[in-house]
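Listed below are the residues making up each chain.
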Amino acid sequence: MNTRLLIFGLNVLVISLILVVYGVVVGDNGLVGVAVSIGLVGGVLVVYSTTPQDPSIMALTSYSDILVNAVTSALEDLDLLESSICTVRRTDATLLVYSKTPCPIEVDPGLGFTSGSPYLAIPVKTPSEVIESTSESAITLLERNLVTILVDEYSACRSVRVEEEGGFIRVYITGLVETLKQYCERPLDPYVLLVLSSASRILGARCIRLVDKKNMPDGLLLILGVERVGEKT
Amino acid sequence: MLNELERKLSVLILVYTTLVAVSSMSLYLLSEKRIDTYVSLNILAYYVSYAVIRPSYTTKSARYLNIVLFAIFAIIVSFRVYEVLTS
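Chains as they are written, first to last, in our numbering: chain A, -8 to 224; chain B, 117 to 203.
To be clear, the hints were calculated from the coordinates, so they are not data collected in a lab. Please note that a few of the clues may not be correct.
For lysine-lysine, the following PhoX-like pairs were computed, each having C-alpha atoms within a straight-line distance of at most 25 Å [as the list claims (entries may be wrong)]: (1) A:Lys205 - A:Lys172; (2) A:Lys116 - B:Lys176; (3) A:Lys204 - A:Lys172; (4) A:Lys116 - A:Lys204; (5) A:Lys91 - A:Lys204; (6) A:Lys172 - B:Lys124; (7) B:Lys176 - B:Lys124; (8) A:Lys116 - A:Lys172; (9) A:Lys172 - B:Lys176.
This structure is a prediction, so every number in the text was calculated from the model and none was measured.
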């Protein structure tokens, strides 16, 4: 929240209120009109003051840069820059796994080896509570949750659409926010991370892998493959 | 250093307030007495600035504001159309 803008907006509202009262008292409708107009400006300023733009965003961006660089270096050392990304669901945690083996199930947090190839597993947390609904399909539920998380809560993009096609889940993310867009080309992409962790929890699949990631003119297209227990797609 | 998000928001507010100042001042100098004219021009100024600047980042409250302003604008226009039709 921008406190300075909020205080300024409230001041403008108070001034407009005083002007409205004065305009009504002297019977000047033009002045009342101007005052109401100023009041609207005050209202708009108050609403826009809720946009999170504290200096903490700058600090978080800098912190994220450091973390992304650290993960990238680790992946580079493990020769996993061209690896596949998936989320593995365990009873106690969800892991984001970078490995050349598609969907390695037996992994532990941190660095390790599975089927003779290295992996990096990072424990991740689903950003918010899942909205449970028995009447909706899993895909609709996933779309609703992603809209709640990415659009309503984080304002990370303008819209999210989820479709199921040929056994794959296609997630269209449009209107990416500039602050996060810079990480889309990096191995630790926040959109991929949030979509995979949400999908893992909502679909209840043991492993969800990122099959493909395409840059669209207005956003991103993520194609996910779901692997349930004892079943592969 | 201002980030992209802050810059766009600042430009939006600057353009909007400038348009409102110009339109309100002009209407007052033209001795316009109808309050709804001031309000509708203000809302129009908001939408013009919003469409031109197009902030990529909008909160839930900003989206509600857009809906409320559009509703007010629609009511004002409908009322004016109704007045013309019944006069």
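Let me make sure I understand: some of the numbered hints might not hold for this structure. Which ones are they, in numerical order? none
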